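Chains as they are written, first to last, in my numbering: chain C, 1 to 253; chain W, 1 to 272; chain P, 1 to 266.
Reference excerpt, derived from the structure (chain C facing chain W, CB under 7 Å, subset only): (1) Glu160; (2) Val161; (3) Glu163; (4) Ala164; (5) Arg166; (6) Ala167; (7) Arg168; (8) Gly169; (9) Asp171; (10) Ala185; (11) Ala188; (12) Pro189; (13) Gly193.
I should point out that these hints are in silico values taken from the structure, not numbers from a laboratory. Keep in mind that this is a model prediction, so the values were computed, not measured. C-beta atoms are modelled at their ideal positions from N, C-alpha and C, and glycine is treated no differently.
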Amino acid sequence: MSATAPLPSARAQGASPWHELDPLTRLVVALGTVAAALVLGGIVCLSLLAALTVLVPAAVARELREVLRLSLLLALPLGVSVVVVNVLFSPGTPAEGALLATGVVLRILTMAGAAVLFYRTTRPAELLASLQYHGVPSRATFVIHNGAAMIPRLAERAREVTEAQRARGLDTEGNLLRRGRGLVALAAPTVLGAMAEVETRTLALETRGFTRPGRPTLLWTPHDGPVQRLARWGVLLVLIVLVLEHLAGVLPC
Amino acid sequence: MTEVRLEAVDFTYPDGTRALDGVDLVVPAGSALALVGANGSGKTTLARHLNGLLRPSSGRVAVDGIDAAERTVAQLARSVGLCFQRPDRQIFGRTVRDEIEFGPRHQGVSSEDAFGRVKALASRLGLGEDLGAHPDDLGDTRRKLLTIASVLAMETPVFVLDEPTTGLDARGVDRIEHIVRELVEAGRTVIGISHDMRFVAETFERVVVLDRGRIVLDGTTEEVFAEDRWPALRGAGLEPPEAAVIGTRLGLGSTPTEAAIVGALTSRAARR
Amino acid sequence: MLRLAGVSYRYPGAGHETLHAVDLELYPGTVTGLAGAEQAGKSTLCLVAGGLAPRVVGGTVNGEIDIDGQDTRDWPMHRLADLVVTGLQDPGGQLSLIAETVFGEVAFGPANLGLPYDEVVSSAEEALRLVGIEHLRAHDPTRLSGGQQQLVVIAGLLAMRPRYLVLDEPVAHLDAASAKLVLTAIRAAATAGTAVLMAEQRPEAWTACDAVAVLGHGNILATGAPDEILSNPRITTLGIEEPAEVRLRRRLSEAGLDPELMGSAS
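If we strip away everything but chain C, and leave its shape as in the complex, we get (with noise of 0.2 Å):
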């Protein structure tokens, strides 16, 4: 993984050309792939878009299977209900209505996949380091980066709330009722630990120099090149154009 020097990693690199970019050239794939699929409109776009920035980076990071079940769990309930609000209450016929669900759907599928792919190909701590790299200084990055990584915290911390109340004749097992009334003692803890830990880890943070103006010493740098530039910026230009045809009403999808 590292352009430096071999520096120990808790998990393994995936070993993919798809994992070797720079993480930020997976960010604005992900971001333009977003943009774009709020742009575009017609099936054959659509389904261009998510194969060419989905599918096949997917396919590329042995990622398919994942990707394609976490977007369909992430877009299920949204899809659900359009195809059966579009088709139900369709001002045209079914089929139109069919039609136009399909295209819904599949905007929302296309969306989700680009998260989860890159959610599940790209690291934090790869993706804090990659930013800090391009210059991106580390009080922007830290409120995302302490947002995101709280997560399994808080998961960890709702687990152990959990086993302590249990202890204590919590009854998680039981009808739904019961369970509704044990809610403070599982989510007060959980809550107000976090915000807890959160200060302390603000302190600890200031105290180890992570707001310091300048950019911090890095003991891991992305795989950028003149490539992954270019085409950091194509995504670019392509999303304007397609941004102005949508204007202009005279986009071909």
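Dock chains W and P against the given chain C, drawing on the hints supplied.
Chains W and P only, in chain C's frame:
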């Protein structure tokens, strides 16, 4: 009076870590034992088996003769009160009283009886003046005592206390030592998990040492902390209590507690 | 020297001060212990000495605080971070969550200081060695036990080779062997020139100290050599635990035996 029994218990976590390996342990009804071991030795994993939070991969856990596999956690919580280590992952009540009452009220104890238990326990644990206080306003020691009071309030026949003295000041530790003795005198079965060897030696008569999921020593504190066992203790990542070390240097035999040192020196002086 | 003179501190929105007219001096190469009952203000004093209060915590400070003769009260936090680092309670909460490995976590501080790459790596290596956790270097810090996380946090602070190191209960949740390691590492840092302020409850900590200050209700009540302070029978009324030796000697006297019988023991 309730016996706790583990028979050939193995437990492997989903990620493949083998946490318990062929554990055989009988805790006779109305007795107390200390469970010690280094980080990762399996102490807390074992504790979680006693109230069903974890189920053995193989082997059997029995509480009061009944296989734990036949009971839910909520049911087992009526027999085994387990107090975890971290107060901030348990306390949620707005007052000390609410917090202590939670367990008994969940057991269906009447409001009056529950309050009776709250008053009695608060007083024994030094929280008598704090019933209306918000737990966040108490210091670390009283918060910890609060979590212990909350579990004791359930009046289960078996108590398992996970690191009951961490974060306590000296007076707090004294209180816990007294409480454990009182519980045993009252016929409860008590299992204490601790890395504080001094507390262990002062409070318990039997010590069980876990090393990487296996029981490697099981005996009285005199036996387990005697000099010939120190290599085994150190191999398990533990150090004998200071009193044992001092007593050995003075040539007094096995003196796991300060009282033992004083006793041995007194006898030696009397013989001269 | 880090000097606090007549320092009082009030938390934001608090009705009263938590620290009253505190005088404290930390000299390079020494370890100063801070003893006192819970809620006497030890943690608060740590936050003020390390500059986190009032800068990040808020609140108001009165009195003088200077480092090496310079008034630091108006310095921003990141300027202070070059000189002073603070260790807090709750090891898990201090993990950056940015590092995937213990090595990365320990190197985080030096990396933030912008030190050259080789120096970052070597300070991290040395800190890992000092605290005895080299075998954990590739582990995910969030998956370690509380005690191990505490070792990681301490290593991370030592790796920054600060001039002044403030520690709030560094050995609180550690077993005897780990506590000994950490105290030895703290002494090593002092020998290398760091001035350490260490708030603690555990009596073992005092063996690593050159001086002990006693805090009671936000006031410094006494400062002196550890032996002097800790053999004073009044300390138990102040919520400070007697060291094992002192207690044993006392018990021997109470049993009518000569406390010096213990003399050759430790």
